[in-house]
Amino acid sequence: MKALTIKNAMTFAMTAVLAISSIALPLTASAEEKVIDNAPQVSTLRGTAPLNAEVTPPIIEMVENNDLKRQRDYPQQPPTIPHDISKYQLDKNFNKCMDCHSRKFADEAQAPAVSVTHYMNRDGDFLGEVSPRRYFCTQCHVHQLEGKPLVENEFVDMEKLIRQSHKQAK
Amino acid sequence: MNKIIHLLKLGWTILSKPAVHLSLGFLTISGFIAGVIFWGGFNTAMELTNTEEFCTSCHEMRDNPFMELQTTIHYSNRSGVRAICSDCHVPHNWTDKIARKMQASKEVWGKIFGTIDTREKFEAHRLQLAQNEWTRLKANDSLECRNCHQFDSMDFTRQSKRAAAQHSSALASGEKTCIDCHKGIAHKLPNMEGVREGGSPH
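If you read the sequences in order, they're chains A and B. Every number in this note's numbering is 10 more than the matching position in the first sequence, counting from 1. Every number in this note's numbering is 30 more than the matching position in the second sequence, counting from 1.
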């Protein structure tokens, strides 16, 4: 009997706490929310603007369009695209890139023909046409913007690392 | 039969006789005015069928080619010049325009019988529709492109290297015309399998 009354009292107390907090918390929470929103911890692509605010999008930078090959940072890196591709159709119906980069038209366009790996399926067999898994060029190859880098690039080239390790060994 | 012949004869006698009550001046001037009104009305009505509102009043055009056009440079660009449907699909020259408008009667047929009244049907006909336009533009040396983009006014030094190379060689010599390279600039391309080997998928 005594245990039951204690339980009842506890239930009552908890309900009361819940009821009060449901009224009081939103007031404090909204105040907290403002504080968080005004000073976000992490700067994202949207900058540090609060979640509920609309930001002015950054100016679209010019696309690199000089047709000059860039150095690759490591041997397996897919080459970057040194020209504008903004109006190129690349879907299941058509691949505009292959108008110049396919084996058949590379001589006419003087564009680098896609490498032989693009004609291989995942078992390493060669196909007559570009393998479906390599069909969508922009999965790996990207164009470049002529904008300022947002963060400093601390990438160290592999060869430099090798040279350093040689020096250390000596 | 006799009655019809009689009526025709009566009509001819009225038409062939000089006017009794109306003056020659009245007939000439009123004929001139009627001609102006008819000619103006005819051209105005034809120009109405050249507007964007007219073309996009059918859902076939509004939901398919018009939607695709809106993302391209011919619809929205920095300088605010816009090419509407008729700028590219109807010749500007009057006689050519009339010829194209007469051809368009087939499109009315298609509208009535719902040849492309769903997205699926449109996709199924896309290659044929596109080829019709490519053939037309190839035949008239890309006339509708050249109404705005004149070869003589092109400054190759303002073009990218690759564009300048193509325009100063193949286009300049007349070996190729605009549409040979610039297919699918205002609408999405159909499945190009078998049409052109370069960019076609499997």
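It is worth saying that the hints were derived from the structure and are not from the lab. Careful: at least some of the hints might be erroneous.
Unchecked claim - Derived DSSO-like pairs: lysine-lysine, alpha-carbon spacing no greater than 27 angstroms straight-line:
{"no.": "1", "chain 1": "A", "residue 1": "Lys114", "chain 2": "A", "residue 2": "Lys97"}
{"no.": "2", "chain 1": "B", "residue 1": "Lys141", "chain 2": "B", "residue 2": "Lys206"}
{"no.": "3", "chain 1": "A", "residue 1": "Lys158", "chain 2": "B", "residue 2": "Lys151"}
{"no.": "4", "chain 1": "B", "residue 1": "Lys168", "chain 2": "A", "residue 2": "Lys97"}
{"no.": "5", "chain 1": "B", "residue 1": "Lys127", "chain 2": "A", "residue 2": "Lys97"}
{"no.": "6", "chain 1": "B", "residue 1": "Lys191", "chain 2": "A", "residue 2": "Lys106"}
{"no.": "7", "chain 1": "B", "residue 1": "Lys206", "chain 2": "B", "residue 2": "Lys191"}
{"no.": "8", "chain 1": "B", "residue 1": "Lys141", "chain 2": "B", "residue 2": "Lys151"}
{"no.": "9", "chain 1": "A", "residue 1": "Lys97", "chain 2": "B", "residue 2": "Lys206"}
{"no.": "10", "chain 1": "A", "residue 1": "Lys79", "chain 2": "B", "residue 2": "Lys191"}
{"no.": "11", "chain 1": "B", "residue 1": "Lys218", "chain 2": "B", "residue 2": "Lys206"}
{"no.": "12", "chain 1": "B", "residue 1": "Lys191", "chain 2": "B", "residue 2": "Lys151"}
{"no.": "13", "chain 1": "A", "residue 1": "Lys97", "chain 2": "B", "residue 2": "Lys191"}
{"no.": "14", "chain 1": "B", "residue 1": "Lys127", "chain 2": "B", "residue 2": "Lys218"}
Hints, one by one, checked against the model:
no.: 1; hint: Lys114/A <-> Lys97/A; verdict: 22 angstroms, holds
no.: 2; hint: Lys141/B <-> Lys206/B; verdict: 34 angstroms, violated
no.: 3; hint: Lys158/A <-> Lys151/B; verdict: 47 angstroms, violated
no.: 4; hint: Lys168/B <-> Lys97/A; verdict: 22 angstroms, holds
no.: 5; hint: Lys127/B <-> Lys97/A; verdict: 30 angstroms, violated
no.: 6; hint: Lys191/B <-> Lys106/A; verdict: 18 angstroms, holds
no.: 7; hint: Lys206/B <-> Lys191/B; verdict: 18 angstroms, holds
no.: 8; hint: Lys141/B <-> Lys151/B; verdict: 12 angstroms, holds
no.: 9; hint: Lys97/A <-> Lys206/B; verdict: 21 angstroms, holds
no.: 10; hint: Lys79/A <-> Lys191/B; verdict: 14 angstroms, holds
no.: 11; hint: Lys218/B <-> Lys206/B; verdict: 22 angstroms, holds
no.: 12; hint: Lys191/B <-> Lys151/B; verdict: 41 angstroms, violated
no.: 13; hint: Lys97/A <-> Lys191/B; verdict: 17 angstroms, holds
no.: 14; hint: Lys127/B <-> Lys218/B; verdict: 25 angstroms, holds
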